[in-house]
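*Asks:* For reference, the chains in residue letters:
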Amino acid sequence: MSAVDYSHEISVVEGKPALRELDDLIIKPLETKPNKNFLIALSITLGMLGFFVIGLGLTFYYGIGMWGNNNPVGWAFDIVNFVFWVGIGHAGTLISAILFLFRQKWRTGIARFAEGMTIFAVMTAALFPLIHIGRFWLPLYLMPYPNQHSLWVNFTSPLLWDVFAVSTYFTVSLIFWYVGLIPDFAILREKTENKIKKTIYSIFSLGWRFSNRHWQHYEMVYLILAGFATPLVLSVHTIVSFDFAVSILPGWHTTIFPPYFVAGAVFSGFAMVQNVLIIVRKIFHYEHIITLDTLEKMNKIMLLTGSLVGYAYGMEFFIAWYSGNPIEQFTFINRAFGPYAWAYWIMLTCNVVSPQLFWFKKIRRSIPIMFIVAVFVNVGMWFERFVIVVTSLANDFLPSSWAYYKPTYVDFMILIGSFGFFFTFILLFTKALPVVSMAEVKAVVDGAQPSHHDH
Amino acid sequence: MSSSFEKNKYWKSISDYNNSPESIKAKHDEFLEGVVDNFDSSKLSGMSRRKFLAVLSSSAALATTACSDYRDKGEIIPYNKRPEEILPGEANYYASTCTACSLACGILIKTREGRPIKIDGNPDHPVNKGKICAKGQSNILSLYDPERLKEPKFGNQTISWEEADFKVIEALNNAVKYNKQIVIFTDKIFSPTLKKLLNDFSVKYPTTKVYSYSLVNDKNKRDAWFESYGSYEIPSVKWNEAEIILSLDFDFLGNEGNFVENMRLFSEKREVVKKLDVNRLYVAEGRFSATGMMADYRLRISPNQQLEFIYAIINELSDAKVISVDTAVKNLVSKYSVEKFGSKEKINNLLKDLSQHKGKSIIQAGESLSKDVHIAVNYLNELLGNNNLYDWENLDSYYQIASAKEIEELIDDMNSEKVDVLIHLNSNPVFNLPQSFKYKEALKKVKNVITLTEAENETSYSSNITLPINHILESWGDAFNKTNVYSTLQPVINPIFNTRQKESILLSWINQKYDVNDFRLYLINNFNELIYNKLKPLTDQKTFWQTTLHDGVVKFEGDSTPKKFNTSSLSKLNNTNNKESFTLHLTESYYIGDGKFANNGWLQETPHPVTKVTWDNYAAISPKLAKKLNVEINDLVEITHNNQKVILPVMVQPGMSDNIIHTELGYGRSIIGEVGKDVGVNVIPLISKDLSLIVENVSVKKVDGKYQLVSTQEHHSLDDTFVKDLHRVRKIIQEGTVEEYKKNPKFLHEEKHELVSITREHEYKGNKWAMAIDLNKCTSCSACITSCNVENNIPVVGKDQVAVGREMQWMRIDRYYSGTPEEPIVSNQPMLCQHCDNAPCENVCPVNATNHSEDGLNQMVYNRCVGTRYCSNNCPYKVRRYNFFNFRDHFEDSYYENNLTAMVHNPEVTVRSRGVMEKCTFCVQRIMEARSNAIRDGKPLNGNDIKTACQVACPTNAISFGDANDINSEVAKLRKHDLSYHVLEELNVKPNVTYIAKLRNTHSEGVI
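Residue numbers (my numbering), protein chains in the order written: chain E, 1 to 455; chain P, 1 to 1008.
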């Protein structure tokens, strides 16, 4: 029969696995000793983290001068990495909060993992504002605390908004994640035989007894938190974009930045989640939980946000021309054809051209190709921030102060190290917590809901 | 109600209620017994409340301080007996004379608590009038150079002065005894007392011969003047009266002639504000000099064509019957025509101008050009009646320079072992004499080589005895700036090391004993003979000496009768050799001089006025020649002359002649302190034995390899249409011509829009500080930059950091080219913090470290700054400077943090640490000083009392500073002038640095 049966929803979990099987499958990585592959992966990420430590050590010992930043280019890899990682942190909350509110059931398989990535990405991102300041030992000055000097922070500075936006986002994401974990902690508490684990799980499950009343409160809290987190998804990157949009620098001072940044963030966030999930579902045999359909849906979102980003690139050029401001026009022509043209074209190819492949269903559903495209998107999005931050600064108002920016080895150490930092947490996460929400997945298994049909 | 209630309404106890006697007594005493009256601390516990709190707070304070690393651990020791003239916190000023070069400008040295911290021009000095150049400003760092020679040395051994003196006197006596020569090889001598001392030395030791040598000198000019006017004393030029100036490769605004005086006089005639009085400057040069940048018309004529050019001008003018020329000369010049010298239009303008402004024009030739050129120039000035622009009252005093022939004789004498003692008096011939003389080899034949020097150098390494001498700030002395301007040197600090001043050393060898006061008395004696007896003032000798010392200078009537031109000099004119050879033109470095200042980081890091290159010299070649040689900037070329080869990096310099290479001297010092070691390339080997700085017949070829030249401004190809003329498109540089201005004085603001602010803006009710910079006057000499460096404790960052754009100078002079690569037009613009009313840096700082003061200053609070660099990113002028490292100790090329060098710091200005943003403060410390003085005197603060460091230094008075709210102030008037504009006005950041647009004095109305 060619007609689609709309009478009941297509299950987001393939097959009809027994609920106990699902529990066991999800708990398995927590109950088994790490295997060789895990240890190899961990040693790689720890090695990368080592670069981070050395790079930071050099920076802290000698100063920001160890980086390539120069006089017109006050911000470079530091802020590029910050915006990149904040962007990565966007998919998680979008998936768990916004898609939750829109009743997108396919989110259940990936929500927990995406949220975890959000937490780790925001942690990674939050490091950069701290290390990019020249006197890293004085970050408290960025906090409004009463002091005898009557010194207060400057609330007109977008950098301060950043501090609040990122910390709020991190806090809310963390609470949201934790609330979502409570029923799972309870399941773990029940399953585990290890006494220490049992104690820990007992503490974190807050006395969860699967009672109807618990579930009622839980659902309500989750809904409220989802509602609370939803505007944050939009606000964080909006505020990050204000770092640039509020300045007067041509190439930064653009009103399109807030939506453009949010779209870009979702774009890169989804690409990163997709990349990591493809590996996770393979290793842990979650193919039926994190289904190809789910991945395809993510690809569709990437196609949408990628096209939005492409539109923003075009619109920036249009507005530069339309504004009649010669300095603005120069900045954009300079991006595409100036000394950093290479970075611009990498960005454009990766971000605008490559996701267009997702118009084809075959490509959308081909795991190797979608993986490569998502890698491209991540590279492209990193370069997008590079293009915005560096090219605008390097060639600004007065030609006399122009200078070409070249990163140093320390810049690369910190960039690589930030990936090490992020992936170390991801790896530890896969071994410490259920990467898929057992409670939620069980709820969407075909037949788990009451229906008019027979079971 | 009972009566008892009325009696005592409130009661504390029954006894109180009953008004018992105890209670009455207790009430009377107010406090209970034992609390106040019979307080006995011994009855209390050992720890009283007070003591407890004291112990608590002190231990808390101890605990916190014990754990904190208080960075500044320097000792502060108060005077236990205050010297009479020192008031801590108050500066003392002493007048002296600068000896950084032979101009001998008058200086005023600022000292704080006995420590010299700043050198400025002496405002009472009649010649330099309070201005000195970049070298003079930065010379203070050389005083605190930790690599100065600290002790006398015999070979590598440190010896005492007594031993050294004994050895030298023995050698001198022996030389006289065996009738061997004693040679004193000295730098230029412009001190009359040193001259007398050398005479006395020759009397004491009769076999003495004195050679005065300087590679860069004006000998040709002096000799020509002698031929023409029978005197070596050349009058100053009244540049301020010249309508037309033709400079033949004469960098009179750069580093030739009395350039400090020249700049001041020249700029008086580039006046557009008070009245429109603008001269027209023609510069004919092959290289691109600082003077060339100021030219209204620039002709590209290589130095070996200059003779032909001046002959051709004489010929043309005589053909046009403007001048009547001696027949012999006419015969000589008749074959020359101006046609080959570039644009016909320019040359015709020049000829027309010269003929129309007879008596009001002046032609001057460069110091490196031949005697012929100078004689021809003298002659032409005479014929055009321009000799009335000679200022016969101001004659440059003469100092003798040994000729190439004399030097060769000396070397012959050395080789034939006729010289027994050779004393290098503050000279460095091993470096400064071309290697073809083989001076170093000849030194080996001299028994006793004695070098008197401030720091080890190439010559001291070939000496037996090296004696450390005082810096000028530790020395007594005198100088003739002009023949009738006598100025004195006085020490402002005790010698820091075990040094003696060079004159004292010579005197001690004459007297056979040393006393620190001997030379001072000798100087006073000579002063009395030379000046007191001549002027016969009414005061006694001592008072007159002290007055002179206080003022630093005394001017008297000299012989001011104009000299007659001697036509016989024309017979000395030669034919041109007429060869089209490839020429290397060498000039002295603008900032490190002949290498004397190579160890001075501030000067090494001052960008070249034209190329903006720091820390290097290079082969500057025209773009066309670069194409021919197939080289680009940073490629290497090998220059060969007389079998000597030198490899230099290439700098493609627009506007140069296509058949010359221009290079600066003074670089490539090999034996010197850490700062100057191996900076640049020594090109002296290419110089022939005639010592001419115009080296003809050189060959040049590309060699493999690359070298990184670093500059403070990126180089763009001039024909790159993408970035061409951006400074004009963006209205960073706004210029016009005199004609345009005459026609429409408001031409600059024709297209101006009304800028609307959407917020209510702050009103400045009291003072509002503002600056105005007249671009007509700025010659890009960089005295302002160096003055700012010294005043504001700007660190030296080194070549590697300049390469990555981290130079720290708060002020820079931006240079923009327009026009074609062959005929570029240069615009200069001093750029510093604009102290915007709507400063974009302020609202982005998250910690409020940069904010606005009541009186319009954009302030930087270093303590609060965490170093996000956001302010710098948002600054459209990019004038903020960030401490990427602790530049006090992070300096690849040198030391910075040591106890000695730290003494140069201005105690009124915070020394910034790493991670902090900094920028121009409008010299807030000076504003504060003026404010406290005004409060002390009970007077309102007047903006005219405040002079910023750059303003004080500017030789052309291009910078004005003051209170914009005071309608009578110069700044307020300049802000309203028709030619005033702000850079990037359309951003509405409301900068408080106003620029006065440059007017070019060309014949047309368009700038390009």
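Do not take every clue at face value.
Heads up, simulated SDA-like pairs for lysine to any residue below, C-alpha to C-alpha not over 25 Å straight-line [as the list claims (entries may be wrong)]:
hint: 1; chain 1: P; residue 1: K612; chain 2: E; residue 2: N154
hint: 2; chain 1: P; residue 1: K990; chain 2: E; residue 2: N154
hint: 3; chain 1: P; residue 1: K724; chain 2: E; residue 2: I40
hint: 4; chain 1: E; residue 1: K282; chain 2: E; residue 2: F102
hint: 5; chain 1: P; residue 1: K706; chain 2: E; residue 2: Y409
hint: 6; chain 1: P; residue 1: K731; chain 2: E; residue 2: L22
hint: 7; chain 1: P; residue 1: K724; chain 2: E; residue 2: F317
Listing some non-contacts, in silico: residues in chain E with all C-beta distances to chain P over 10 Å [said to hold, decoys possible]:
hint: 8; residue: K36
hint: 9; residue: Y62
hint: 10; residue: G63
hint: 11; residue: V166
hint: 12; residue: T349
hint: 13; residue: F397
hint: 14; residue: W402
hint: 15; residue: T424
hint: 16; residue: E440
The set of hints was computed from the structure by calculation and includes no laboratory data. Ideal Cβ placement from N, Cα and C applies to all residues, glycine included.
*Asks:* Each of the hints needs a verdict: does it hold here or not?
*Replies:* Evaluation of the provided hints:
no.: 1; hint: P:K612 x E:N154; result: violated (38 Å)
no.: 2; hint: P:K990 x E:N154; result: holds (21 Å)
no.: 3; hint: P:K724 x E:I40; result: violated (56 Å)
no.: 4; hint: E:K282 x E:F102; result: violated (28 Å)
no.: 5; hint: P:K706 x E:Y409; result: holds (22 Å)
no.: 6; hint: P:K731 x E:L22; result: violated (70 Å)
no.: 7; hint: P:K724 x E:F317; result: holds (21 Å)
no.: 8; hint: K36; result: holds (45 Å)
no.: 9; hint: Y62; result: violated (6 Å)
no.: 10; hint: G63; result: violated (4 Å)
no.: 11; hint: V166; result: holds (13 Å)
no.: 12; hint: T349; result: holds (23 Å)
no.: 13; hint: F397; result: violated (4 Å)
no.: 14; hint: W402; result: violated (5 Å)
no.: 15; hint: T424; result: holds (28 Å)
no.: 16; hint: E440; result: holds (40 Å)
Violated hints, listed in ascending order, are 1, 3, 4, 6, 9, 10, 13, 14; each of the other numbered hints is respected by the structure.
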